[in-house]
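Just remember that my numbering sits 1071 ahead of the position in the sequence shown, which is counted from 1.
Source of the hints: derived by calculation from the structure; they are not laboratory data. The C-beta atom is built at its ideal place from N, Cα and C for all residues, glycine as well. Among the clues, some could well be false.
Derived DEER-like restraints, expressed as beta-carbon distance ranges [as the list claims (entries may be wrong)]: (1) Arg-1322 / Ala-1515: 34 to 40 Å; (2) Glu-1133 / Thr-1288: 53 to 59 Å; (3) Gln-1555 / Arg-1322: 49 to 55 Å; (4) Pro-1487 / Thr-1288: 52 to 58 Å; (5) Gly-1341 / Gly-1380: 38 to 44 Å; (6) Ala-1445 / Glu-1251: 17 to 23 Å; (7) Gly-1451 / Lys-1231: 35 to 41 Å; (8) Asp-1151 / Phe-1327: 39 to 45 Å; (9) Asp-1151 / Pro-1388: 54 to 60 Å; (10) Gln-1377 / Gly-1318: 43 to 49 Å.
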Amino acid sequence: MSADRPRNGVTSRGALARVPGPCPRRRAARAALLIILTAVLPALPPALADDLPPAIDAKLPELPLDPDQISVYVRRVDDDLPTLAFNAETPRIPASVMKLLTVIAGLDILGPEHRWSTDVYVTGELHDGTLQGDMIVKGYGDPYLSNGTLAELIRALRAKGIVRIAGDLIFDDHYLAPPESDRGDFDGAAQSAYNALPAALGVNRQVTDIVVYHDPTNGHVGVYTDPPLSGVDIVNEAKLVKAACKGRFHRLQVGFSEPEGARPRIRVSGSFASECPDERIPRLLLPPAQHAASAFHARWQELGGQLQGHIRLGPVPDGARLFHRIESPPLGELVRDIDKLSNNLMARQLFLAIGIAREGPPGTPEKSRAAIQAWLAENGFGFPELIVDNGSGLSREARVSAASLGELLVWAYHQPWMPELVASLPIAGVDGTMRRRLRHEPIAGRAHLKTGTVRDASCIAGYVLDAQGNRWVVVVLVNAVEGQRLPAWHGHAVHHEILRWVYGGGA
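Please build the complete structure, drawing on both the sequences and the hints.
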């Protein structure tokens, strides 16, 4: 019998065959078969498509986008093949969607319980509240050493009896190699928080929050920094204006300078409208280790600690003994900040930790790239087009295909740490970088998706629960062509059409 000949009223491709004749028995049989097929067919995997769905294809001219600029990979998590693979093998700039690779590799190599530590060593003996030696703070790349955690560390040191340090206060940041670039190399915005570079020792993501507020008691504008910084002067030239909180009345400027032979200086100027709430202005000012040292010393003094020696950078000396240790929350929790908030610094710190786990310190991008390539090979992934820069996606050199990301997400869905991965992703219409997208549509709350946007790319990838309760992997990468400006919403329009199509079952 031919493979294409109908069998029992069904072709080899699952379609109803035309059964001739008006015989009532046959009509009854056909009706019964139709009922059975109606129940069975929705559970069958759809055939592979390599063209965009018509509704999406029709939308491209008005954006305007060419189909060659778009890659799509759509697959049910339990299917062997994708439902839709359009330009899926083409290497694309992934932007922050690259964080998925870093997070998945980190969860698998390091484990969800991995923690970073910050250690305090001492030399000399402790007598009557005085440490007769040096105190050394050594960082191991904790991406979550917050202002509050720093204060808890100093309180613990005080509780253990140290009031005065007779020697020096030393900060060791040698666990990671110095960065290959400067903060402003990506886009020139050297003081923007998203351009923070990895460091073994950093506090508050290396950010100084300059807090400006209306001080009604004294009738002027107040300024302070969080964390407080020792050795940094604040010049407050801001003027209070009795007015509503509107842009024409409320215009602040913040400058930072390091005059030769003088202390670093933060200058706040402009006008502050009296009806405005406190304003926090985040800036990257001091180098990471210097920022951590300045913040530590300021907190130390606030809590009554004294220092007789100097503040300096250097390694832990031989013979120093561990006095106190603090640890970060587990990686399974921290990946939420990495993905939901698209935290570049935390992703880069995790990326370096992956290399250290395989090659040992100091952490370098080269070790991490080699470690991830080896890990991919061990798990049967080729990904020949993959170019990993720094693990965060804040790069125009990084490349990956939609098919590679899609296959990785399908594999990750069947790993024991899958719940931590899915919980880390922004939820459409609910939180993170997806909180404003698709809020008023049926898919809201049913899609966990990592977003990625840079000047040349608008991307999305993750998991979607469709209207029938099926879970899908969806990857959509939209890139600009040379000389083109790609507004983020153009990419979003493509993402949303694909997501609506998947939510409807990918018919």
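Could you tell me which of the hints above the structure violates, numbers in ascending order? 3, 7, 8
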